[in-house]
Amino acid sequence: DTEVTQTPKHLVMGMTNKKSLKCEQHMGHRAMYWYKQKAKKPPELMFVYSYEKLSINESVPSRFSPECPNSSLLNLHLHALQPEDSALYLCASSQDEGPVEAFFGQGTRLTVV
Amino acid sequence: GDSVTQMEGPVTLSEEAFLTINCTYTATGYPSLFWYVQYPGEGLQLLLKATKADDKGSNKGFEATYRKETTSFHLEKGSVQVSDSAVYFCASYSSASKIIFGSGTRLSIRP
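Here the protein sequences come in this chain order: A and B. Residues in the first sequence are numbered consecutively from 1, following the numbering used here. Residues in the second sequence are numbered consecutively from 1, following the numbering used here.
There may be inaccurate statements among the hints.
Unchecked claim - Calculated pairs, DSS-like style, for lysine-lysine (alpha carbon to alpha carbon, straight line, at most 27 Å):
#1 98/B / 41/A
#2 56/B / 38/A
#3 19/A / 53/A
#4 38/A / 98/B
#5 98/B / 36/A
#6 77/B / 41/A
#7 22/A / 98/B
Keep in mind the hints are simulated off the structure, nothing from the lab.
Just chain A, with the same shape it has in the complex (with noise of 0.2 Å):
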């Protein structure tokens, strides 16, 4: 199984809703990623969890607040949303943090109206 799982794969909220993205991956990875992608642009790095610690945090706004409970689950946590964070957000593993392959969601696209 090398695949990593995203819910859901289209997500339309309100500014003032409370939502959840959610990442699963069953390949034993220790590594786990958020990344936000704006149309025509490359994914931009937002947080990195490492064995099921944060140790990353590229000063994302806390309006988004990410969780690892295990170390198959990432998940992302949406608050208070303005338009503007409308993208795809793609979440992604690898064996650990290191130059090694990343293992990449299909992503969810993510509108805020």
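Got chain A sorted already, so can you dock chain B onto it with the hints?
Chain B alone, transformed into the frame defined by chain A:
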């Protein structure tokens, strides 16, 4: 800081044409280098990688050679297919322990 620069797109070619997408990097030391591909509506997939100077990564007919002298990692394919139409990202693993992506090059192949 570390950065990756790749050629602007879009690139449009006819089927069976030769492909080159240029990529150069700036980095402290010698980072690992990657090419990722993103098909429409999907996440990124690793296409190939190289971890040290003069390494050649290859996969699905694509090749790229890690050139330390020119700090480059150009992607090449001898004969492209319509199914190669996608966005290609050059990337490096930076000294700050994260992947840095280039801006992406959209490739369209005409039948």
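Checklist entry - Which of the listed hints are not met by the structure? => result 2
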